[in-house]
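Protein chains in written order, with our numbering: chain Z, 313 to 520; chain H, 313 to 520.
Be a bit skeptical, because a hint or two may be false.
Stated by the list, open to error - With beta-carbon atoms standing in for the labels, derived distance ranges:
hint, chain 1, residue 1, chain 2, residue 2, range
1, Z, 330, H, 327, 56 to 66 Å
2, Z, 366, H, 460, 47 to 57 Å
3, H, 423, Z, 517, 27 to 37 Å
4, Z, 384, H, 503, 32 to 42 Å
5, Z, 425, H, 323, 48 to 58 Å
6, H, 399, Z, 330, 23 to 33 Å
7, H, 325, Z, 384, 54 to 64 Å
8, H, 470, Z, 477, 23 to 33 Å
9, H, 503, Z, 405, 24 to 34 Å
10, Z, 501, H, 403, 30 to 40 Å
11, Z, 330, H, 461, 47 to 57 Å
No lab work stands behind these hints: they were computed from the structure. All C-beta atoms in this analysis are idealised placements derived from N, C-alpha and C, irrespective of residue type, glycine included.
Letter by letter, the chains look like this.
Protein chains: 2
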Amino acid sequence: MASTKEPDSSRRSDRSRRAIHDAALALVGERGYRRTTIEAIAARAGVGKQTIYRWWPSKAAVLMEAFLDLAARSAEEAGPQAGGEHGIPDTGDLAADLKRVLRATVDELNDPALEGPTRALTAEGVVDAKLGAEFVEKLLDPQLALYVTRLRAAQEAGQLRADADPRIALELLVAPLTHRWLLRTLPLTHAYADAIVDLALGGLTSRP
Amino acid sequence: MASTKEPDSSRRSDRSRRAIHDAALALVGERGYRRTTIEAIAARAGVGKQTIYRWWPSKAAVLMEAFLDLAARSAEEAGPQAGGEHGIPDTGDLAADLKRVLRATVDELNDPALEGPTRALTAEGVVDAKLGAEFVEKLLDPQLALYVTRLRAAQEAGQLRADADPRIALELLVAPLTHRWLLRTLPLTHAYADAIVDLALGGLTSRP
Numbered sequence: 313m314a315s316t317k318e319p320d321s322s323r324r325s326d327r328s329r330r331a332i333h334d335a336a337l338a339l340v341g342e343r344g345y346r347r348t349t350i351e352a353i354a355a356r357a358g359v360g361k362q363t364i365y366r367w368w369p370s371k372a373a374v375l376m377e378a379f380l381d382l383a384a385r386s387a388e389e390a391g392p393q394a395g396g397e398h399g400i401p402d403t404g405d406l407a408a409d410l411k412r413v414l415r416a417t418v419d420e421l422n423d424p425a426l427e428g429p430t431r432a433l434t435a436e437g438v439v440d441a442k443l444g445a446e447f448v449e450k451l452l453d454p455q456l457a458l459y460v461t462r463l464r465a466a467q468e469a470g471q472l473r474a475d476a477d478p479r480i481a482l483e484l485l486v487a488p489l490t491h492r493w494l495l496r497t498l499p500l501t502h503a504y505a506d507a508i509v510d511l512a513l514g515g516l517t518s519r520p
Numbered sequence: 313m314a315s316t317k318e319p320d321s322s323r324r325s326d327r328s329r330r331a332i333h334d335a336a337l338a339l340v341g342e343r344g345y346r347r348t349t350i351e352a353i354a355a356r357a358g359v360g361k362q363t364i365y366r367w368w369p370s371k372a373a374v375l376m377e378a379f380l381d382l383a384a385r386s387a388e389e390a391g392p393q394a395g396g397e398h399g400i401p402d403t404g405d406l407a408a409d410l411k412r413v414l415r416a417t418v419d420e421l422n423d424p425a426l427e428g429p430t431r432a433l434t435a436e437g438v439v440d441a442k443l444g445a446e447f448v449e450k451l452l453d454p455q456l457a458l459y460v461t462r463l464r465a466a467q468e469a470g471q472l473r474a475d476a477d478p479r480i481a482l483e484l485l486v487a488p489l490t491h492r493w494l495l496r497t498l499p500l501t502h503a504y505a506d507a508i509v510d511l512a513l514g515g516l517t518s519r520p
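Full structure from sequences and hints, please.
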């Protein structure tokens, strides 16, 4: 009767994975990356630590997957409007589309559930080059690729400067939000996201 | 004979301070912020730990001063051309002035002597809000104020959009460099600094 048992076992396995993800995120938010151990994650998730060792090769791998899962859940909740699962919307109005996705980013960065673990993982990547590279490859680059796609479409539509490299152009939009959030220089608001889009698209130079 | 003794004692005190700064920077680069202790700084600097306790209220205060000292030395070496002691140059050519100062920033961020301790202090500020706020107030804000001054002068000269807030405009210039450096997404080069200035001033929007 394996065929009727499997869905149950797969559901149990999904529940365990989710519990492990949540435990890993909570612990890293509370203690920081280095002081979070596989043992503590297992205890918090109510599973044996052998379960974690069987499914993941390292603590970094558990956390990376926990973040991917969290980002996927967050994108699902935000819906396609926020650019979640379907990339950045393309309504033909570049400024409006960028404001929508940057406002959603502001909301995500200000989400208290995400803040602790995201700060802990980012800080660790700042000092640990190997973890930082994994973080960029698995979590950041896929997000940045969505901007490249949208900006390239704008370029093809004649809305973006032909000589602008979309991979660099996106940094004018994304980096200011990250900078404010990481360094806590000033409040990170929707108005700020809008101002960044307006200044980046229009340029700082005065025109006649 | 106090008047002839004081210069000697003051020179000794300067030497001790510099030794303490250097020890603090080296240790935080090697071990990270949290694992750097006053005791270890004193031992490395060859002073008694009471000397440190007498001069500074906390480990954070020692490090903050060490960074201010390091930044001052680095600015001195770079000379006034790099915008060191005299703020951002104002030759009347805004793009050229910004490229000069952002290229100097690229060199500073790529300086191996600064990298370890700067990463360690920044990472700690990312997870420790109190230290982060001190870092921003004492180290970052004074640097950003130089951009505000230069951008405001450009605005008065009719070169910067009248509706641009200089405090926000500067983030389009500074944040992309910090973003690349902190997250190690792609190489941080002079060509990148130039591209950021050109895109930020000219804007991403295609113009007829």
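Hint check:
{"no.": "1", "hint": "330(Z) - 327(H): 56 to 66 Å", "result": "59 Å, holds"}
{"no.": "2", "hint": "366(Z) - 460(H): 47 to 57 Å", "result": "55 Å, holds"}
{"no.": "3", "hint": "423(H) - 517(Z): 27 to 37 Å", "result": "31 Å, holds"}
{"no.": "4", "hint": "384(Z) - 503(H): 32 to 42 Å", "result": "36 Å, holds"}
{"no.": "5", "hint": "425(Z) - 323(H): 48 to 58 Å", "result": "55 Å, holds"}
{"no.": "6", "hint": "399(H) - 330(Z): 23 to 33 Å", "result": "53 Å, violated"}
{"no.": "7", "hint": "325(H) - 384(Z): 54 to 64 Å", "result": "58 Å, holds"}
{"no.": "8", "hint": "470(H) - 477(Z): 23 to 33 Å", "result": "29 Å, holds"}
{"no.": "9", "hint": "503(H) - 405(Z): 24 to 34 Å", "result": "32 Å, holds"}
{"no.": "10", "hint": "501(Z) - 403(H): 30 to 40 Å", "result": "35 Å, holds"}
{"no.": "11", "hint": "330(Z) - 461(H): 47 to 57 Å", "result": "52 Å, holds"}
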